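If you want the building blocks of each chain, they are given just below.
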Amino acid sequence: MAGRQYTKSHEWLTVEGKTVTVGITEFAQSQLGDVVFLELPSPGRKLEAEESFGVVESVKAASDLYAPVSGRVAEVNDKLAAKPELINSDPYGDGWILKLDLTGELPQDLMDEAAYKKFTESQT
Amino acid sequence: MKRTTSAPNLTASAARRTPLFERHVALGGRMVDFGGWELPQQYTSIRAEHLAVRKVAGLFDISHMGRFRVTGEAAFNFLQSLLTNDLSRISRGRAQYNLMCNEQGGILDDLVVYWGDEGFFVVVNAANREHDLAWMRDHAPDGVEIEDRTFELALIALQGPRAEELLPATGFADLPYFGLRAGQVAGLSALVSRTGYTGEDGFEIFIAAEKVVSVWDAILENGATAGILPAGLGARDATRLEAALRLYGNDMDATVNPYEAGLGWTVRLDKGDFIGRDALAQVKREGPSRTLVGLKTAPGDIARHGSVVRRQDRVVGGVTSGTHSFFLGHPIALAMVEVASLRVGETAEVDVRGREAPAEVVQLPFYRGSARSAAAPAKS
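If you read the protein sequences in the order shown, they are chains V and C. Residue 3 is where the first sequence starts when you use our numbering, and the numbers rise one by one after that. Residue 94 is where the second sequence starts when you use our numbering, and the numbers rise one by one after that.
Isolated chain V, as found in the complex:
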């Protein structure tokens, strides 16, 4: 399994075979503040890379979520409906958002941890 990769729109992903797990980053959750609700797609939906697939509502703001890769939604994290705060407390673990079945290639512009760290530092 490859390490965690990151997008400029602050999603993270891990790839295991054809399965891609997606969430939002620690930086993103800290910027958002307390998450109170997620609007997420149903399993089966096809997503194109960079397509908006849902919304995360925090106390502060509503933010769009973007698919980091093209794929079909295989699974949505059901725990988030009752406990959206998992996004804040464990963004890389229990706060994962969805799993996609990869339908295309991985985009070329994904960042590794060091590159993403540099990217977020340029954002603040």
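Honestly, the hints are just simulated from the structure, not real lab data. Treat each hint with caution, since some may be false.
[Said to hold, decoys possible] List time: in silico DSSO-like cross-link candidates among lysine-lysine, alpha-carbon distance up to 30 Å:
hint : chain 1 : residue 1 : chain 2 : residue 2
1    : V       : Lys120    : V       : Lys10
2    : V       : Lys85     : C       : Lys389
3    : V       : Lys81     : C       : Lys389
4    : C       : Lys148    : V       : Lys85
5    : V       : Lys119    : V       : Lys101
6    : V       : Lys48     : V       : Lys85
7    : C       : Lys148    : V       : Lys81
[Stated by the list, open to error] What follows is a set of in silico ranges between Cβ atoms, one per label pair, in the way DEER data are often shown:
hint : chain 1 : residue 1 : chain 2 : residue 2 : range
8    : V       : Gln125    : C       : Ala227    : 30 to 38 Å
9    : V       : Asp92     : C       : Ala391    : 23 to 31 Å
10   : C       : Arg378    : V       : Arg47     : 52 to 60 Å
11   : C       : Ala119    : V       : Ala117    : 29 to 37 Å
12   : V       : Glu18     : C       : Thr440    : 45 to 53 Å
13   : V       : Ser32     : C       : Ala391    : 22 to 30 Å
14   : V       : Lys85     : C       : Phe169    : 49 to 57 Å
15   : V       : Gly95     : C       : Gly422    : 20 to 28 Å
16   : C       : Glu449    : V       : Glu18     : 34 to 42 Å
17   : V       : Asp92     : C       : Gly422    : 20 to 28 Å
On a predicted model such as this, the values are computed, not experimentally measured, just so you know. From the three backbone atoms N, C-alpha and C, an ideal C-beta is built for every residue, glycine too.
We have chain V already, so just place chain C on it with the hints.
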């Protein structure tokens, strides 16, 4: 992830710092710009801090608020001519919620006047400080001194049902709601008022900037086992909104008059002349055309400032403030709507992320906390 809608005034950038800045950072505060000041949005989580204020107590740094000392033999008459409320209804040792209006009756700011032994303290919103000061100085006659004490005096607020018990001081338990008294907090001289902006009982503590850190630490230490928490802007906004306390710049501005904002009780037309009186007398005679109402929506449907409000497909107004209430378990919002367009119990439609969500019109405030008198909403 990209932001589509957001609460105003909460973005990260360099700004002024209060004397507690280092403390906020040491406590893990996530610092944001608020009215030109760098303040913590939260330390741990907005939820935890919000619930601490409602159930135990929370400690807020509100040193960003503008603080003016108004003194001189003509100070009382000057403030009477400048503000809408009647200071002759209080006396030394008391505070009063008040509005400053322009000639057209538009609200320039909401503020609290504290009548102390050394004259009057006027505490105003941070973003309005410079404008308010210029307005006051422009209208001040000879015999009135207006001094900006914002940078020498710190201001912190301990708010919650257990605030009285957890304040590390004696001699304030019998302080009445909106009372003001000089004394010692954690062994240091301070001016203490029983006021706040959360709907809870609590105290605001005026103290010299160089002493505030030790008082802050002492309060947190004294309340640690009880569950007191330092609380940031997120908890402050949520608690004030539950208590339906208006936020200047969101729920009202110079285009809104006090009757529209539901603050007609602060306008004393019978006290003598003051700026805006003629215009306000006319609004009172004819009745306001708009009014603030409370809305409750389903979990996830957070209406934000600017969201359009409809009733049976007709636009009746817009949301002025909205958030998720962790305490009540659902989103709440204030909306400025046409008078009589929405009644308590009716359902309106409000724009949420581009679709229409049902919103129930509910009685204000959304929550009545431990504050002694609900008839006198405080502004800290």
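Taking the hints in turn, this is what the structure says about them:
1. V:Lys120 to V:Lys10: Answer holds: Lys120 (chain V) to Lys10 (chain V) is near 11 Å, not above 30 Å.
2. V:Lys85 to C:Lys389: This hinted pair holds, its Cα atoms lying about 21 Å apart.
3. V:Lys81 to C:Lys389: Satisfied, since the Cα-Cα distance of roughly 25 Å is no more than 30 Å.
4. C:Lys148 to V:Lys85: holds, 21 Å
5. V:Lys119 to V:Lys101: Status holds; Cα separation ~24 Å.
6. V:Lys48 to V:Lys85: It holds: about 26 Å lies between the C-alpha atoms, which stays within 30 Å.
7. C:Lys148 to V:Lys81: Within the cut-off at roughly 27 Å; holds.
8. V:Gln125 to C:Ala227: 30 to 38 Å: Cβ of Gln125 (chain V) to Cβ of Ala227 (chain C): about 36 Å, so the range 30 to 38 Å holds.
9. V:Asp92 to C:Ala391: 23 to 31 Å: Holds, since Asp92 (chain V) and Ala391 (chain C) (Cβ atoms, about 26 Å apart) stay within the stated range.
10. C:Arg378 to V:Arg47: 52 to 60 Å: For Arg47 (chain V) against Arg378 (chain C), whose Cβ atoms are near 59 Å apart, the range 52 to 60 Å holds.
11. C:Ala119 to V:Ala117: 29 to 37 Å: Cβ of Ala119 (chain C) to Cβ of Ala117 (chain V): about 30 Å, so the range 29 to 37 Å holds.
12. V:Glu18 to C:Thr440: 45 to 53 Å: Since Glu18 (chain V) and Thr440 (chain C) have Cβ atoms about 47 Å apart, the given range 45 to 53 Å holds.
13. V:Ser32 to C:Ala391: 22 to 30 Å: holds, 27 Å
14. V:Lys85 to C:Phe169: 49 to 57 Å: holds, 56 Å
15. V:Gly95 to C:Gly422: 20 to 28 Å: Given a distance of about 26 Å, which is inside 20 to 28 Å, the answer is holds.
16. C:Glu449 to V:Glu18: 34 to 42 Å: Taking Cβ atoms as reference, Glu449 (chain C) and Glu18 (chain V) lie about 41 Å apart, which means the hint holds.
17. V:Asp92 to C:Gly422: 20 to 28 Å: holds, 22 Å
Of the numbered hints stated above, none is contradicted by the structure.
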